[in-house]
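Number of protein chains: 2
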Amino acid sequence: MQQKIIPDIVIGRLPLYYRALQRMSSKGHTVTSSQELADTLGISAAQIRKDLSQFGEFGKQGTGYNVEYLADQLKKILKIDHVWDMVIVGAGDVGSALARYQGFQDRSLRVKMIFDSDPLKIGKELGNFIVKDISTLIDEIKKEGIKIAIIAVPENEAQEVTDTLIKAGIKAILNYAPIHIAVPPEIRLQCIDPALHLQRMTYYL
Amino acid sequence: MQQKIIPDIVIGRLPLYYRALQRMSSKGHTVTSSQELADTLGISAAQIRKDLSQFGEFGKQGTGYNVEYLADQLKKILKIDHVWDMVIVGAGDVGSALARYQGFQDRSLRVKMIFDSDPLKIGKELGNFIVKDISTLIDEIKKEGIKIAIIAVPENEAQEVTDTLIKAGIKAILNYAPIHIAVPPEIRLQCIDPALHLQRMTYYL
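Top line first, the protein sequences correspond to chains A and B.
Going by my numbering, the first residue of the first sequence is number 445, and it counts up by one from there.
Going by my numbering, the first residue of the second sequence is number 445, and it counts up by one from there.
Think of the hints as simulated: they come from the structure by calculation, not from any bench.
Among these hints, one or two may not hold up.
The list treats identical chains as interchangeable, and a pair is accepted whether it falls inside one copy or across any two copies.
Straight line, CA to CA, 35 Å or less: simulated DSBU-like cross-link-like pairs of lysine-lysine [what the hints assert, rightly or not]:
hint, residue 1, residue 2
1, Lys471, Lys591
2, Lys615, Lys504
3, Lys576, Lys504
4, Lys565, Lys448
5, Lys586, Lys494
6, Lys494, Lys587
7, Lys448, Lys494
8, Lys504, Lys565
9, Lys494, Lys565
10, Lys504, Lys568
11, Lys586, Lys504
12, Lys494, Lys471
13, Lys568, Lys494
14, Lys611, Lys504
15, Lys448, Lys576
16, Lys471, Lys611
17, Lys520, Lys568
18, Lys568, Lys448
19, Lys565, Lys520
20, Lys494, Lys576
21, Lys556, Lys568
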């Protein structure tokens, strides 16, 4: 199913569709349509049909999509049919909020450990975690075979932490440090910098 | 300068360029090139030149860009040549982390107030703020003429909060609730849901 190369922008919309389907399912809806998804998501029905058609035939003309079935298929495509463990590096405000974040539940994502380099933070409780010493990062990640990391360290530490994570076997990084970090082409990278989102909107005000 | 319609995807890259230029400036660099920006950002030099050329001639063939001048021009284009006040709605973990976030400093963004509906939170100190009662939201926003809001409430409250913010005169919303919220076309909306970013990467693992 994934032999042809699908544009990353299409892949980026699948989690949105999956999120909407999860919500429909939790409300007891059993059937939906590209039009209903479109109304829910603010994406055109044609775009949604086109995106989904890249992966197969999920609906029947006139009867729409079975919510559970389509959600299950998207889970398989996105490889979130099992839970992914993650590490957080940085136990400041952002890292702490992420360690306690409820939004990963039921979305096949689980924070497994949080690390910091600050002796005042190491060993302290944080939500359900004890903050670990960053010097143990490589061993701990290798031991657990974790592939996903969230970086929430100051920007001047972000590249060094990235390099260490990659050495430890991390393959996907979500970077909250407001700086571009360089990764080899085989490593997936996504960035969240709220100021960038906000500055993109001020243009229009 | 902004009479022609520039694609939003171009606008979305300008804050990235500005962030890189700010960083160069803070390191004392006075001149840069599209190639150096490209190496810093992982975006092609041709794309950067094309994006910037939409707004005028900022560099000279062979001598590159003056860092301060280009940063200043981008500030004007993005309308971040003055500070924008913002409100945060929701004083949970995410809202609290944002209220204390240092990453808005020097980026023309300033949190002015934070609101919650929980009597246990209202009136309490949070960073430099006292959490305000959400029932005063419309009056407070109108009084200050604030145009930008960050939503950090649970997903089942997000749409109602959105509608209230728009009534209060908010024109741009950054939504952290993991749900699609509907806004009229004249309202700018950006969303941050870390699980979506992460699920986009698991596909490739």
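Which hints from the list above does the structure break, by number from lowest to highest? 2, 3, 4, 5, 6, 8, 9, 10, 11, 13, 14, 15, 17, 18, 19 and 20
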